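Chemist: Each protein sequence line maps, in turn, to chains A, B and C.
Residue 1 is where the first sequence starts when you use my numbering, and the numbers rise one by one after that.
Residue 1 is where the second sequence starts when you use my numbering, and the numbers rise one by one after that.
Residue 1 is where the third sequence starts when you use my numbering, and the numbers rise one by one after that.
Since the hints were made in silico from the structure, they are not lab data.
Watch out, some of these pointers could steer you wrong.
Treat identical chains as interchangeable: a pair holds within one or across any two.
Unchecked claim - Here are the computed lysine-lysine pairs in the PhoX-like style, where the Cα-Cα straight-line distance is at most 20 Å:
| # | residue 1 | residue 2 |
| --- | --- | --- |
| 1 | LYS66 | LYS47 |
| 2 | LYS44 | LYS66 |
| 3 | LYS47 | LYS142 |
| 4 | LYS142 | LYS55 |
| 5 | LYS44 | LYS130 |
| 6 | LYS102 | LYS204 |
| 7 | LYS47 | LYS130 |
| 8 | LYS178 | LYS102 |
| 9 | LYS66 | LYS204 |
| 10 | LYS45 | LYS130 |
| 11 | LYS55 | LYS44 |
| 12 | LYS178 | LYS66 |
Here the structure is a predicted model, which is why all the values come from computation and not from measurement.
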Amino acid sequence: MIKLMPREMVFFDLFEQSAANVHAGAEALAELMHNYVDVPARVKKIKDIEHQGDKLTHETYDRLNKTFITPLDREDIHDICARLDDILDLVDTSANRMTIYKIDQPTEDAQALADCLVQATQSVVEAVGKLRDMKAPEEVLKLCVIIHTHENNGDQLAQRALARLFETMDPINIIKWKDIYGDLEMATDRCEDVANALESVVIKNA
Amino acid sequence: MIKLMPREMVFFDLFEQSAANVHAGAEALAELMHNYVDVPARVKKIKDIEHQGDKLTHETYDRLNKTFITPLDREDIHDICARLDDILDLVDTSANRMTIYKIDQPTEDAQALADCLVQATQSVVEAVGKLRDMKAPEEVLKLCVIIHTHENNGDQLAQRALARLFETMDPINIIKWKDIYGDLEMATDRCEDVANALESVVIKNA
Amino acid sequence: MIKLMPREMVFFDLFEQSAANVHAGAEALAELMHNYVDVPARVKKIKDIEHQGDKLTHETYDRLNKTFITPLDREDIHDICARLDDILDLVDTSANRMTIYKIDQPTEDAQALADCLVQATQSVVEAVGKLRDMKAPEEVLKLCVIIHTHENNGDQLAQRALARLFETMDPINIIKWKDIYGDLEMATDRCEDVANALESVVIKNA
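Bound conformation, chain A alone (with noise of 0.2 Å):
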């Protein structure tokens, strides 16, 4: 049983990794947006943070392979680390489109949802924090509905984000923003996801 313990273990420390990561790219897409200077290198940073997530994503896969027994169900430890993935493939999509489609300046709504992605990762980190502790499972509940309030004024935002894009009648620049402000949201959605797994697997483990 104790030899166990350090293999199980590691699961809870890739998931704290993956978040962590996950939070570092939300944070650097903000940076983007509020100091829109050097954005190639700006934008090439994100994709590093991406390239760093994936291999975390991998290496949690590969150790549920080789793993016997695991201290989650193996398809929640899956389910988790895909949302957190998730996040990050956004994260990283909303940032490359800003060179592709040649934006000339964030708007104040882009830099609103980054703002407020930044904050449901930062819950995110949190939560995943308190999985490996299953005495407190009320703290991680608490802490999936902070990420659903997140999650909620993501949508008001984007929804106000969009009526305002609609204004500018500019056909051109609201296709742009359109799907930027979607990967933002769509962002933010995916943290939701992560907090649903994370309730189911407190849930079922209490």
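We have chain A already, so just place chains B and C on it with the hints.
Modeler: Below, chains B and C without anything else, positioned relative to chain A:
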């Protein structure tokens, strides 16, 4: 054995309530499209139906976590429930876009797509209602075929709608309606996903 | 045991037929893009291939439901089959858009993306063909790496295509091609999903 029965049956009750609620959402959407007055109140009504759907979904998941013996495979219960929820999400999204995109007047194509969705969800209600009585699997399958027909019809309607939309040569109009037609078509696709889930359940339990 | 063998082997037959059919669809799409005449007949040919794919998918699911002992995990068989189907759906969707959007002439970027998809599906055919012989797992894995390379190439092509598209400053043109490029890129992504499913099968059964 007898004591387990009521616990089992609650899943069929929840499916029937969810399906009826989905259908009520589709009907409210068709009403909005055909009688485009008091738009904010009508959109709000659809949002309320969507919230009711969320409650039913959570109650189903909750009971699934607490129930040891389920009348169908756990993953099938989860799947049917999630796909019903997907339909309603898209109903809500499309209604919401009507206000965010400041749509002046629904197109005839949007009305036809909403009507198609009402027919599809009506068949979903009927199919789900037959699920409880596993002695009549062929009746469920027959209704699933009808749902596939509605989905096929929705595809045709959406293609015709899109082709007509591009004839307007009005880019902002195209951007707006392409999204809404897409939501409506996808909602009908999700009805087909429910049909697929029901078919798989019926075949497994035949 | 010996009597079960033929039943088991049928899944590999079905995978090979599905993969060959997906590749035929990609080739028909590339032909459409390079030789843009008799468009309705060529689009119809792709639709027929897609219907053939649906039949193979249903037959696979059907056999899965009726087979007690399967050569691979049931969910893996389902997954490989579903991901192959996803590729073909996107091939059909993109061909279909050529007529719905009344495209006059394919762009060079669309041709390059279709060619990339042909290469990716060719590697999918080869990888699926090696699956039957579990004694050569490293050959499957080698082909999966090639599929990842094609997917990566598809990403680069799509980004270049999008950047060039926005330079046209023609909103309706942008709306149309953004969708088609998106379909083509996603089809290549789905090839990668097949590769991921194959990798996971090979690692589990190594």
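Chemist: Each hint needs a verdict: does it hold in this structure or not?
Modeler: Taking the hints in turn, this is what the structure says about them:
1. LYS66 x LYS47: Neither: 29 Å inside a chain and 42 Å across chains, both beyond 20 Å.
2. LYS44 x LYS66: This pair counts as neither: shortest intra-copy Cα distance 33 Å, inter-copy 47 Å.
3. LYS47 x LYS142: Cα proximity of LYS47 and LYS142: none, with 32 Å in one copy and 25 Å across.
4. LYS142 x LYS55: Intra 30 Å, inter 19 Å, cutoff 20 Å: inter-copy only.
5. LYS44 x LYS130: Answer is neither: 31 Å inside a copy and 37 Å across each miss the 20 Å cutoff.
6. LYS102 x LYS204: neither (47 Å within a copy, 44 Å between copies)
7. LYS47 x LYS130: Answer is neither; intra-copy 28 Å and inter-copy 34 Å both fail.
8. LYS178 x LYS102: both (14 Å within a copy, 15 Å between copies)
9. LYS66 x LYS204: between (23 Å within a copy, 9 Å between copies)
10. LYS45 x LYS130: neither (28 Å within a copy, 39 Å between copies)
11. LYS55 x LYS44: For LYS55 and LYS44, only the intra-copy Cα distance (17 Å) is at most 20 Å; the inter-copy one is 42 Å.
12. LYS178 x LYS66: For LYS178 and LYS66, neither the intra-copy (43 Å) nor the inter-copy (42 Å) Cα distance is at most 20 Å.
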